[in-house]
Amino acid sequence: MRPLHPLSPGLRTVLGISFFVLFILFWAWITLGGHVNRIFLADPLSMLRDGWRLLVEDRFWLDILITIWRVFGGFVLASVVAVPLGIAMGAWKPVEAFLEPFVSFARYLPASAFIPLLILWAGIGELEKLLVIFVGSVFQIILIIAVKVGSTRRDLVEAAYTLGSTNNSIVKRVIMPANAPEIAETLRLVLGWAWTYVIVAELIGSSSGIGYMIINSQSRLATGQIIFGIIVIGLIGLLSDFAFKAFNRWLFPWSLA
Amino acid sequence: MSKLLIEGVSRTFAGVRGGQPVRALMPIDMAVAANDFITILGPSGCGKSTLLRIVAGLEAPSEGRVLLDGKAVTRPGPDRGMVFQSYTLFPWLTVAENIAFGLRERGMAQKEREGIVASYVDLVGLKGFENHWPKQLSGGMQQRTAIARALANDPEILLLDEPFGALDNQTRGLMQELLLGIWERRKKTVLFVTHDIEEAIFMASRVIVMTARPGRIKSDVAIDLPHPRHYTLKTSAEFSALKARLTEDIRIEAMRTAEAQPATA
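Going line by line, the protein sequences match chains B and H.
Its first residue numbered 1, the first sequence is counted upward by one per residue in the numbering used here.
Its first residue numbered 1, the second sequence is counted upward by one per residue in the numbering used here.
Bear in mind the hints are in silico, worked out from the structure with no lab data behind them.
Keep in mind the model is a prediction, meaning the values are calculated, not measured.
Subject to a maximum C-alpha distance of 20 Å in a straight line, what follows is the list of computed DMTMM-like cross-link-like pairs (lysine to aspartate or glutamate):
hint : chain 1 : residue 1 : chain 2 : residue 2
1    : H       : LYS188    : H       : GLU177
2    : H       : LYS135    : B       : ASP155
3    : B       : LYS172    : H       : GLU105
4    : H       : LYS135    : B       : GLU182
5    : H       : LYS135    : H       : ASP168
Given only the sequences and the hints, what does the whole structure look like? Please build it.
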């Protein structure tokens, strides 16, 4: 095979799908073929059956909705705080010097370790779930955006100065629009991470949501339901990612032209 | 009175990692008359771009000062329009919006901007491309837009830092004629930095030749070729004589630059 040689779109799709097919075939073979104990791993067919029952009888779609709401709520909360801070840190070096060491430290604090504290402070209600996602996302967004903004093309900034821009309009009319697509990309990336935090938040001290269903199914050894829950998370993540990507493309046609 | 006065401007860069400070520019004195087209010609690394950036206010001189219409330059401003060698159009703005950028910064109303933008789009021959993104334009078209963007602000002086340096030879020739044509019609004080001898002569009413680093003025040559200039001028006898003279001047400096640098540089 020639390295770096491009692939036709059709072949790309076929190859991409064929791995899913192989994966499911392998899963079916080890479960239906009796190579693993049914108690530990459900087969694909009973997974689908369990999933259908969950949706129809146990109103699992309500759990899905509540999880989606938590992810987006926490994510929007984190973005509203982090985007302006990240821009400020990237644009003004004193702000960066003041905040960067703390944010870098806070970034390594695992969001899941905060759950006991957050439960003490905010109870086990919705606020606590939002805060877990907030804590998990906010520092990451701040840092990535600060770095991107800090590497704004200097020649564009200089050109704007020679056209009469003031310091404030450099931030508003050059730094912000120049980095807007990258900021949007960062948010898309972090939204993916937010999905992992929400499940952790729901595994502990929760009575609703996809994570709650999963932990609940564990005690009943309903591995089919667990796998169904995991697949639902993956699908929603994939869909929101697609939507986000399409939205970014629509918002910033100039970056693709 | 001179439009632009450069008084004893020098520039020294601090040494890297405790090394010796590097002198980029020896003190330079220069007076530019209104509506003059000055080209600054020098080998690469001679500090000609540094000099231009000091006039623009993007860098501070180590000594000396720059006066535009008698006022000292301390920071960049819209009275000194600049065209860079790199493509510096704002990629998120269309051609028309790029040209309108300075006018918008000045707080001009949309309606008033539109008329000015249209006239400059016309001037640089970009009719029909007003709504294109910079990425959709060729290098020559991007630089034409950059010239229009700088001129739309109606600056007191236009500074150009090897604006056609990244373009192919044919496009470069056309761009020279375009810019010269604009200058012949609209009159503007221009400082144009280049390392291309032909370009320096063709465009200029005066060529300033700079020495190898640390740069100082080696010669100051008036170019009395008639206007309007046509590209065929480049093959005339007078042009060749000027070219021969400047080639000799610049060659010595280029050799000095080459000798001063280690082979790996």
